[in-house]
Amino acid sequence: MVEPAKTSLRWAFAGCKPQGVQVLSALCEAGLRPEFCAAPPELSPEDDAALLELVRREGLELHRSLRLDGFQARLAALDLLMTCRFEILPSDVFEAPRLGGINIHSSLLPRYRGVHPVSWALVNGEAETGITIHRIAKGVDTGDILAQRAVAIADQDDLWSLTAKLNAASVQEAVRLLRQVAGTGVLPPAIEQSGPASYAPRRTPKQSRISWSASAREIANLVRALPPPLPLAFCTGPGGDVVTLRCARLVFGVAQEGKLRAGEVLSASDDGEVHIMCADGNILSAVPSMPLCPGDVLR
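Residues in the sequence shown are numbered consecutively from 8, following my numbering.
Simulated from the structure, these hints should not be mistaken for lab results. Honestly, I wouldn't trust all of these hints.
[Claimed, not checked] Cross-link-like lysine to any residue pairs, in silico, SDA-like; alpha carbons within 25 angstroms at most:
hint: 1; residue 1: 145; residue 2: 99
hint: 2; residue 1: 145; residue 2: 200
hint: 3; residue 1: 24; residue 2: 234
hint: 4; residue 1: 24; residue 2: 50
Using the sequences and the hints given, assemble the complete structure.
Here you go:
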């Protein structure tokens, strides 16, 4: 149980997805209830149900809006706007509250600005990522940093397990930061983003195709970035059919005799698991969507 905060902080929340719902729930539990909250009009049934249950339980005022257009006057009467998994806002919206707007982003900014930072961190084989709470500014995730927390990426992490870690870190940092703001009446000193910036644009189905010219680790990283129920990483089977892969893992340094082609199936077990040769000489262990036999070549 989080000890409720004693605060007169007046603020609003705009967010969605499990991350936004978890952050809002923890802030309410801490006694940091928003004056109102907003979410996009169209959410998945699961996300919408979780949000509505929280709103009902906490008696929150909920509005459906994409960019908070028309809320400028109401925001101008508040101290702060916090967003999490929300749309890019116009400046007259995020500048309206006394302290402006702040956003929670799932990367260590300035790395992986954009909409799919967790997927790209996995695809690129990062050893760690994290969350950043930053001031909202013009541009995509460019504002000065108020708080950051690093999160290690384990070899066994996939998109969902890593997202869960980042959501938990977001909750902890959001509660800590808003408690501080409630106690002082001001935002803590912000640090300008520094270092090389990178971007995490929206991934497309075309980017889910496996290239067997890549290393076994690179292919395993792609597969774990696309767990069910997302469309899985795919390639073309020996008969021209689409083959998807799940549960891929890297097998290091297995010596092979003779000439083997990248994408060639080396073995297949009764439970459907196969070993596939990769271009770097290492082997990928994976579960394909259709039976494969030794000697089959994936493309």
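Against the structure, the hints:
Note on residue 145 and residue 99: the hinted pairing holds, with a Cα-Cα distance of about 11 angstroms set against a maximum of 25 angstroms. A hinted pair counts as satisfied when its Cα atoms are at most 25 angstroms apart, and residue 145 with residue 200 qualifies at roughly 14 angstroms. With a C-alpha separation of about 17 angstroms, the suggested pair residue 24 and residue 234 falls inside the 25 angstroms cut-off, and the hint holds. The straight-line distance between the Cα atoms of residue 24 and residue 50 is roughly 8 angstroms, inside the 25 angstroms bound, and the hint therefore holds.
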